[in-house]
Amino acid sequence: MKLKQAGFRPNKTFIALSLAATTVISTNTFAAQSCEGINVYPDFPQVDWEGNPEHAILGDVMQFNGNAYSAMWWTKSTPGSDDSWSLKHECSGDVTPTPTPTPTPTPTPTPTPTPTPTPTGTYVAGTAYAADDIVSNGGQSYRCDVAGWCSSESGWAYAPGTGSAWESAWTLVGGTTPTPTPT
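Yeah, the sequence shown ends on 194 if you go by this note's numbering, and it's all consecutive.
Hint data in this document are derived by calculation from the structure and do not stem from the laboratory. Accuracy of the hints is not assured; some may be wrong.
Stated by the list, open to error - Straight-line alpha carbon distances no greater than 25 Å define the calculated SDA-like cross-link-like pairs of lysine to any residue that follow:
#  : residue 1 : residue 2
1  : 87        : 52
2  : 87        : 132
3  : 99        : 76
4  : 87        : 72
5  : 99        : 84
6  : 87        : 53
7  : 99        : 142
8  : 99        : 78
9  : 87        : 114
10 : 99        : 113
11 : 99        : 115
12 : 87        : 63
13 : 87        : 115
14 : 87        : 139
15 : 99        : 83
16 : 99        : 65
17 : 87        : 113
Said to hold, decoys possible - Label-pair restraints from in silico Cβ distances:
#  : residue 1 : residue 2 : range
18 : 135       : 185       : 16 to 22 Å
19 : 115       : 165       : 54 to 60 Å
20 : 64        : 158       : 56 to 62 Å
21 : 166       : 115       : 26 to 32 Å
22 : 133       : 179       : 16 to 22 Å
For every residue, glycine included, the Cβ atom is placed at its ideal position computed from N, Cα and C.
All chains should be built: construct the whole structure from the sequences, respecting the hints.
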């Protein structure tokens, strides 16, 4: 009333600016309140059909990063991250911190030792050998890859390390590759 006594007469512009300033000030001022009992993100208040907490619906309140948010509609988003949440108030006192997920360590596989091949004996052409059998010939160890060829009586072709086609039937597993003998 002192304004009228001083001869001040408010006009429409003054009133509109006063209302706008009051609205801005009042809508941006939040009093900290307790957040006790308010779900902490990501512990959503609503459950899916299997009973897992996974969403919020209109009006549900959750706390995140020291603030309480109200869901504007059905949402699975982080509170405050989009328009599906409205800031209600700042949380006062001991704010429950937002849990940080602990990464699950990736297990380191235990290496499987490679067994040392044990020769089953000295190679003899025409002997029945199975795949993966180990034989010795000329001081080297060989593993049978193709049982039919390893067991062939054609030693000139399939004798490990010396036959003309030995590498088609056998794999050298011990020592070095022998130098071919000229014929």
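Comparing the hints with the structure gives:
1. Under the criterion of a C-alpha separation no larger than 25 Å, the hint pairing residue 87 with residue 52 is consistent with the structure, at around 10 Å.
2. A C-alpha spacing of about 69 Å is found between residue 87 and residue 132, which places the hinted pair above 25 Å, so the restraint is violated.
3. Between residue 99 and residue 76 the alpha-carbon distance is near 13 Å, which keeps this suggested pair within the 25 Å criterion.
4. Simply put, residue 87 and residue 72 have alpha-carbon atoms about 13 Å apart, close enough for the 25 Å limit, and the pair holds.
5. For the given pair, residue 99 sits about 15 Å from residue 84 by alpha-carbon distance, which is consistent with the 25 Å threshold.
6. A threshold of 25 Å between alpha carbons decides the hint, and for residue 87 with residue 53 the separation of about 9 Å falls inside it, so the pair holds.
7. At roughly 74 Å between alpha-carbon atoms, residue 99 and residue 142 are farther apart than 25 Å, so this suggested pair is violated.
8. Of the pairs offered as hints, the one joining residue 99 and residue 78 holds, with about 8 Å between alpha carbons and a cut-off of 25 Å not exceeded.
9. Pair hint residue 87 plus residue 114 holds up; C-alpha atoms about 21 Å apart against a cutoff of 25 Å.
10. Our distance criterion of 25 Å between C-alpha atoms is broken by residue 99 and residue 113, whose separation comes to about 29 Å.
11. Using a Cα cut-off of 25 Å, the hinted pair residue 99 and residue 115 is violated, with the two alpha carbons roughly 34 Å apart.
12. Under the criterion of a C-alpha separation no larger than 25 Å, the hint pairing residue 87 with residue 63 is consistent with the structure, at around 12 Å.
13. Proposed proximity of residue 87 and residue 115 is supported: the alpha carbons are some 23 Å apart, at most 25 Å.
14. Under the criterion of a C-alpha separation no larger than 25 Å, the hint pairing residue 87 with residue 139 is inconsistent with the structure, at around 68 Å.
15. Taken as a hint, the residue 99 and residue 83 pair is honoured in the structure, with Cα atoms around 11 Å apart against an allowance of 25 Å.
16. A hinted pair counts as satisfied when its Cα atoms are at most 25 Å apart, and residue 99 with residue 65 qualifies at roughly 21 Å.
17. A C-alpha spacing of about 21 Å is found between residue 87 and residue 113, which places the hinted pair at or below 25 Å, so the restraint holds.
18. Evaluation of the 16 to 22 Å hint for residue 135 and residue 185 yields a pass: the beta carbon distance comes to about 18 Å.
19. Our hint of 54 to 60 Å for residue 115 and residue 165 holds, since their Cβ atoms are close to 57 Å apart.
20. Between residue 64 and residue 158 the CB atoms are about 60 Å apart, so this pair conforms to the stated range of 56 to 62 Å.
21. Take residue 166 and residue 115: their Cβ atoms lie about 57 Å apart, and the range 26 to 32 Å is violated.
22. Checked against the hint of 16 to 22 Å, the C-beta distance between residue 133 and residue 179 comes to roughly 21 Å, which is consistent with it.
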